[in-house]
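Protein chains: 2
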Amino acid sequence: MQAIGEMNITPRILLGPGPSMVHPRVLRAMSAPLTGHLDPEFLQLMEETKEMLRAVFQTGNFLTIAISGTGSAGMETCLVNLIEPGDEVLVCVNGVFGTRMSDIVERCGGKLVRVDVPWGKPVTPEDLKKGLAKSKPKLVCVVHAETSTGAWTQLPALVNLAHEAGALFLADTVTSLAGCPVKIDEWGVDAVYSGTQKCLSCPPGLSPVSFSEAAMKKLRARKTKPQSWYLDVSMLEKYWGQERVYHHTAPITMNYALRESLRLVLEEGLDARFARHERNHKALVAGLEAMGLKMVVAPGERLWMLNSVHIPDGVQDAAVRSLLLKEFNIEIGGGLGDFKGKAWRIGLMGESSTRNHVLLVLVALECALTKQGFKLKPGAGIEAASKLL
Amino acid sequence: MQAIGEMNITPRILLGPGPSMVHPRVLRAMSAPLTGHLDPEFLQLMEETKEMLRAVFQTGNFLTIAISGTGSAGMETCLVNLIEPGDEVLVCVNGVFGTRMSDIVERCGGKLVRVDVPWGKPVTPEDLKKGLAKSKPKLVCVVHAETSTGAWTQLPALVNLAHEAGALFLADTVTSLAGCPVKIDEWGVDAVYSGTQKCLSCPPGLSPVSFSEAAMKKLRARKTKPQSWYLDVSMLEKYWGQERVYHHTAPITMNYALRESLRLVLEEGLDARFARHERNHKALVAGLEAMGLKMVVAPGERLWMLNSVHIPDGVQDAAVRSLLLKEFNIEIGGGLGDFKGKAWRIGLMGESSTRNHVLLVLVALECALTKQGFKLKPGAGIEAASKLL
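For the protein sequence lines, the chains are A and B, in the order given.
Start counting the first sequence at 1; every next residue gets the next number (our numbering).
Start counting the second sequence at 1; every next residue gets the next number (our numbering).
Derived by calculation from the structure, the hints in this document are not laboratory data.
Some clues are possibly wrong.
Intra- or inter-copy, both count: the list cannot distinguish identical chains.
Simulated pairs of lysine-lysine, DSSO-like, Cα-Cα distance not exceeding 27 Å [to be verified]:
| hint | residue 1 | residue 2 |
| --- | --- | --- |
| 1 | Lys138 | Lys225 |
| 2 | Lys375 | Lys342 |
| 3 | Lys326 | Lys50 |
| 4 | Lys238 | Lys326 |
| 5 | Lys183 | Lys130 |
| 6 | Lys340 | Lys225 |
| 7 | Lys340 | Lys238 |
| 8 | Lys111 | Lys223 |
The model shown is predicted, which means the values in this text are computed figures rather than measured ones.
Hey, can you work out the whole structure from these sequences and the hints?
Quick look at the structure:
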């Protein structure tokens with residue numbers, strides 16, 4: 001074969017659904033020499049990571065660790081450990097990630113009860129009540145922040161309904177964690193997974209998870225082994241715990257990165273970080289609407305970190321995204337599933353959520369839309385956004 | 001919580017069972033800014049990685065990709081995709097990793113036929129014949145390089161036996177790949193997995209896998225979905241293939257690292273790399289034996305990259321390894337399973353396999369053993385090793 005040359009990646013402004021941009025301190029952490037995964041210094045690093053993850057999840061859960069795979073591996077971890085064959089499992093589906101959970105529930109031999117909610121809408125207590133009226137699930141699964149649509153589901157009332165029905169509650173916080181409040185203990189969430197490449201602004205590759213005592217009790221009472229060895233929490237608990245029983249070899253460098261990104265999150269402070277995400281989101285929406293674009297999600301139901309906007313009639317999806325990438329080095333996301341070709345997804349996650357990025361993406365979109373013949377008032381987007389920044 | 005300080009990892013000489021040391025070019029590649037996982041430049045990087053993985057596996061297999069998890073995730077990928085519930089699966093067990101495969105086979109609902117071989121011995125054609133005499137497996141699983149013992153199993157005759165019996169052949173090459181010949185096509189191996197943190201000298205976090213046409217045919221003829229969504233090869237094929245169908249978000253930075261480590265492997269050249277591993281192994285063994293230590297594995301059956309040596313009577317395992325780590329910053333591995341407390345495992349993998357490391361670990365061991373009251377002739381180890389370096 002012909003020799004492959006040196007890597008030459010163009011620096012991009014990442015305003016898609018993830019990965020988000022990564023702070024130079026995190027990049028630098030990854031260039032540290034490797035250490036052994038059972039080295040006392042690495043064990044200390046694992047302890048520190050668990051402590052910081054607990055702070056970000058706002059939980060005291062003992063089992064709060066990072067799974068050695070991406071967010072989807074975290075989803076699978078929660079499901080394969082909490083479901084035994086034949087268990088009834090209720091999944092609320094309002095986008096791609098609820099659909100994915102449903103798929104995995106069936107692969108686990110769970111009896112799936114699916115509550116479908118229109119894409120772009122959050123899951124409401126009424127939706128869940130309908131599902132609970134026709135089932136007696138052992139587990140209720142809800143996506144907090146639907147990355148495929150930008151809808152924000154309020155969890156507390158849903159958790160209460162699930163608990164009243166005698167079910168455990170599983171939350172997907174892949175996109176929400178570290179971008180808006182995620183209060184595992186206060187809300188009573190029993191199991192939760194997230195990803196590193198969204199509002200934590202760490203490269204993809206790990207999936208933080210946390211299990212409550214009730215979830216651990218269910219897990220310990222299993223009659224069968226979880227179907228995955230790699231994601232078996234009872235074994236991972238011993239690897240991340242004081243026993244340090246060899247399981248797999250933890251991705252050392254990714255754990256360096258996660259530790260540094262968690263430090264950055266806590267240095268900024270959760271409240272300040274959430275306020276920054278809210279402010280930049282509001283400015284972006286004001287700008288997009290002033291340009292004549294329409295948001296997919298209704299006001300009050302919109303995520304701060306993922307903004308879905310309808311593609312106007314007559315405007316070509318691919319041409320616009322390609323121009324943004326080639327002429328501005330800006331990545332935004334296309335639509336998924338029901339929204340393929342119909343919406344753009346503009347992410348403002350972690351390090352990507354800045355004043356400058358809001359302004360830049362509005363300028364770039366104005367340029368691209370104008371070339372597509374879309375009529376707009378020049379400068380209106382920037383003017384509206386600037387007032388809020 | 002109290003703020004967690006800056007990361008301060010002591011540089012180590014990694015001579016354990018993995019991770020191995022990483023070339024500065026690989027560390028530098030990981031500090032490159034993140035790009036999107038569907039960015040045209042990242043898609044190009046995935047293509048280049050597949051091409052280089054094929055060169056290292058010595059295969060033309062179309063489906064040759066890196067799984068987004070560590071070596072154990074690669075093991076699970078091969079098994080969950082190739083096994084359907086009720087399938088008879090023969091696993092040759094001569095250490096920890098055959099044991100692990102057996103565990104996963106049962107979690108997949110496979111009917112396990114286990115052929116046990118003494119720890120420290122390779123699997124022979126006679127061993128496999130015994131197993132085939134009492135079963136009619138659809139899949140035969142063998143570990144090429146048993147990291148828990150240092151035994152090297154020769155695969156070609158085993159592959160032929162499996163094929164004659166109508167079974168597919170799965171090989172674990174986690175520790176062997178890029179350290180000794182691994183010839184997937186010439187040997188006729190149907191499915192193979194490896195890890196990045198051994199002789200590829202890339203941080204842990206990805207698992208290269210490759211599937212032959214026969215394996216893909218079995219996979220496509222499945223009546224049931226594989227039990228893992230995250231590791232479903234039919235979906236991963238579309239993500240890594242021309243379709244680029246969104247599956248999970250690939251670990252961008254780990255893929256940067258793998259690409260650079262593969263470039264380094266191919267720049268050195270496979271034959272030169274294998275010769276280096278062989279030379280350093282022989283020198284280390286000569287040194288250890290001259291010091292009066294005894295190897296676990298018989299001559300002719302020893303791996304070049306993982307050297308198991310018996311801990312002499314009266315010498316304390318933990319004290320020696322602790323001294324090596326604290327006074328020399330050298331990590332060597334302890335024993336696993338049957339060899340816990342009874343053997344050390346000295347890895348000479350990838351960047352860790354150097355003349356200087358062989359000399360240094362012999363000096364350090366001489367110091368530690370002498371402190372433990374073990375009688376040896378000072379300098380004998382170094383002298384014997386130097387002749388071969």
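Now for the hints, and whether the structure bears them out:
In the homo-oligomer, the alpha carbons of Lys138 and Lys225 lie at most 27 Å apart both inside one protomer (18 Å) and across protomers (23 Å), since each shortest distance falls under that limit. Taking the shortest alpha-carbon separations for Lys375 and Lys342, only the intra-copy value of 18 Å comes in at or below 27 Å, while the best inter-copy value is 77 Å. Taking the shortest alpha-carbon separations for Lys326 and Lys50, only the inter-copy value of 26 Å comes in at or below 27 Å, while the best intra-copy value is 40 Å. Taking the shortest alpha-carbon separations for Lys238 and Lys326, only the inter-copy value of 25 Å comes in at or below 27 Å, while the best intra-copy value is 48 Å.
For the identical chains of this complex, Lys183 and Lys130 are intra-copy neighbours only, at 25 Å inside a copy versus 57 Å across copies, given an alpha-carbon limit of 27 Å. Within a single copy, Lys340 and Lys225 get their C-alpha atoms only as close as 39 Å, which misses the 27 Å cut-off; across copies the closest is 25 Å, which meets it. Taking the closest pair of Cα atoms, Lys340 and Lys238 come within 27 Å of each other only across two copies (17 Å); inside a single copy the shortest separation is 43 Å, beyond that limit. Taking the shortest Cα distances, Lys111 and Lys223 sit within 27 Å of each other both inside one copy (17 Å) and across copies (19 Å).
Comparing the model with each numbered hint stated earlier shows that all of them hold.
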